[in-house]
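> Please build the complete structure, drawing on both the sequences and the hints.
Going down the list, the protein sequences come from chains A and B. Residue -7 is where the first sequence starts when you use the working numbering, and the numbers rise one by one after that. Residue 4 is where the second sequence starts when you use the working numbering, and the numbers rise one by one after that.
Since the hints were derived computationally from the structure, they do not count as laboratory data. Any given hint could turn out to be false.
[What the hints assert, rightly or not] Subject to a maximum C-alpha distance of 25 Å in a straight line, what follows is the list of computed DMTMM-like cross-link-like pairs (lysine to aspartate or glutamate):
| id | chain 1 | residue 1 | chain 2 | residue 2 |
| --- | --- | --- | --- | --- |
| 1 | B | K101 | A | D54 |
| 2 | B | K74 | A | E51 |
| 3 | B | K101 | A | D65 |
| 4 | B | K45 | A | D65 |
| 5 | B | K45 | A | E64 |
| 6 | B | K101 | A | E6 |
| 7 | B | K74 | A | D46 |
| 8 | B | K59 | A | E51 |
Note that the coordinates shown come from a computational prediction; the quantities given were computed from them, not determined experimentally.
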Amino acid sequence: DAEITQSPRHKITETGRQVTLACHQTWNHNNMFWYRQDLGHGLRLIHYSYGVQDTNKGEVSDGYSVSRSNTEDLPLTLESAASSQTSVYFCASSEGGNEQFFGPGTRLTVL
Amino acid sequence: GESVGLHLPTLSVQEGDNSIINCAYSNSASDYFIWYKQESGKGPQFIIDIRSNMDKRQGQRVTVLLNKTVKHLSLQIAATQPGDSAVYFCADSFNDYKLSFGAGTTVTVRA
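Right under this line is the structure:
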């Protein structure tokens, strides 16, 4: 069955380190999204992509970057991790409509 | 800021009763609305969606109502079950594939 996976599921890192969170989907969807989820804020859009080589900033993109070299993957990189980036991160994908399919999430702790 | 918000952060409901979860949105141009359910430790899961050319849509035990006049969206769950305990999010979209999420309502089902 087609699915969307995220790795790692849990990550602890130190302030200032570079961290990359992986997202892989097997639906062949063109649209992919990264969100962070914090208490009281719901899901906030970090970056999104509508296809290979396309990337766009969301509402909370500072300190994050993405790249889209193929259809299946949209890795999220924290260039220099900060404690404010401690959060749960969700990847999602969609195709042809607005319904997005979400991955299981990555819990990131920055010490 | 968020274009979609929920009226109440928590809702406690007796098993077997009907649940109503409310959501207000601010963008009168939004043309797509969706409800997600998120269980603890998991990613959001699609429940039901509705486009702005409709007022009501029914699924299995769920109904979404859209009132464009007052920019209000609601999710009704019939005969609430213990497995319905979760956080429920509404989201909207305007003319693209991005979703803007509200903060969520935590539903607790009492036995």
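> For every hint, state whether the structure bears it out.
Right, here's what the structure says about each hint:
no., hint, in the structure
1, B/K101 to A/D54, "holds, 18 Å"
2, B/K74 to A/E51, "holds, 23 Å"
3, B/K101 to A/D65, "holds, 18 Å"
4, B/K45 to A/D65, "holds, 20 Å"
5, B/K45 to A/E64, "holds, 21 Å"
6, B/K101 to A/E6, "violated, 32 Å"
7, B/K74 to A/D46, "violated, 33 Å"
8, B/K59 to A/E51, "violated, 30 Å"
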